[in-house]
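Produce the entire structure from the sequences given, and follow the hints as far as they go.
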Amino acid sequence: RADGGAANIAEGDRLPTLLSEQGNPRRARKQQPPSSGARARGAPTGAPSGARHAAAPLAAAPMLAPASTAPPAPGCAQEAMGRAAAGTSGAACLCGGSITGRVLQLSRRPDGCREVQRALEDAPDDMSREALTAELKGHVWESLMSPYGNFVLQKSIATTRPQSAQFIIDELLAARASGAGASVGGVGRAARHKFGCRVLQRLLEYCRPYQVVDLVQQLLTEAFALCRHRYGNYVMQHLFEHGTPEQRHDLAEALRSNASIVGSDPHACAVLSKALTYGAVEDRAALATSLAAQVGLLPRMSRTRYGHTAAKLALQVRPLRDDIHGLLDRRAGRRSGRLAADGGRRFRRLWRGRRLQHRRLRGG
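Just so we're aligned, residue 751 is where the sequence shown starts under my numbering, counting upward by one.
Treat the hints with care, as some may be off.
Cut-off 20 Å, straight-line C-alpha distance, at most; resulting in silico cross-link-like pairs (SDA-like, lysine to any residue) [said to hold, decoys possible]: (1) 944 <-> 1062; (2) 1062 <-> 1020; (3) 887 <-> 913; (4) 887 <-> 925; (5) 944 <-> 858; (6) 944 <-> 984; (7) 944 <-> 925; (8) 944 <-> 860.
Rather than coming from a laboratory, the hints here were simulated on the basis of the structure.
See below:
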């Protein structure tokens, strides 16, 4: 009876385990010994159990990628490190030679042009920058008209020495338009281009005056047309800011001789503002006098987006400021009302009110 009780107690202790195994078939299968069909792959059918266990690692070995002895693609590791790391570490990888030989290719892509610009900024010396910029030789026009390559050209002009950008000027001067506009030089084409005008502005800013003499000469031959162009006017504005006194004088003369047309054009009015700001005193006086001599031109300019600034600057020039009413009434007449018919009624009222204020202050 004692033996039977002990057996019943042992079976009672195993009962929870049996129930758990029946409720969880997966656990039961795990505890079963492996069958002959579940032997390790790669072991022979008649292999002993020891050989079967030894063959298991050999079966799992092909799942691991074998170590490649071939060298990586040039620049891939450095480029990945440059993209993963931020700040100076990424720039250092780029400057270390990862973009050498691929400047033109990278300049055609939005992400690649940023890498080239970053490499130009963080290059250790001028020789490294010039080596990167030299890869663009022979491809200036392609980069100039590219929506991404033009930024690389601008950055190369701004970060390298002026002598290093001479090949850009030479290629622009050597280019000629094809077709009916063959007489138009490459500089004029670049000034009329949406992206090329930016490159010309950088050249006028950073290059020496003797380097851009021929370039500016081509711009001055088309000054009247470029001042009225939607993109060319930006180049002419930069010419007033960074040109020599002789170049500013020639451009101011071109504007003065066509004052009536220039003052009526919205793009040319922006160039007039620069002329009345950076021009010589004599040129500003002559230009302001020519603008005021055109009947109703200043009132019309004062009502436009860019012309009101030029009109305000013209009225601040000393000869025009001292005799403003005589200039306004010289051709229209004080009582004829011709100026009012041109839309200058409010303009004359303003200056007439100011004249009355001056008389009251003087006690007249």
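Status of each hint after checking the structure:
no., hint, in the structure
1, 944 <-> 1062, "violated, 29 Å"
2, 1062 <-> 1020, "holds, 12 Å"
3, 887 <-> 913, "holds, 14 Å"
4, 887 <-> 925, "holds, 14 Å"
5, 944 <-> 858, "holds, 17 Å"
6, 944 <-> 984, "holds, 10 Å"
7, 944 <-> 925, "holds, 17 Å"
8, 944 <-> 860, "holds, 17 Å"
The structure fails to meet hint 1 from the earlier list, while all remaining hints are met.
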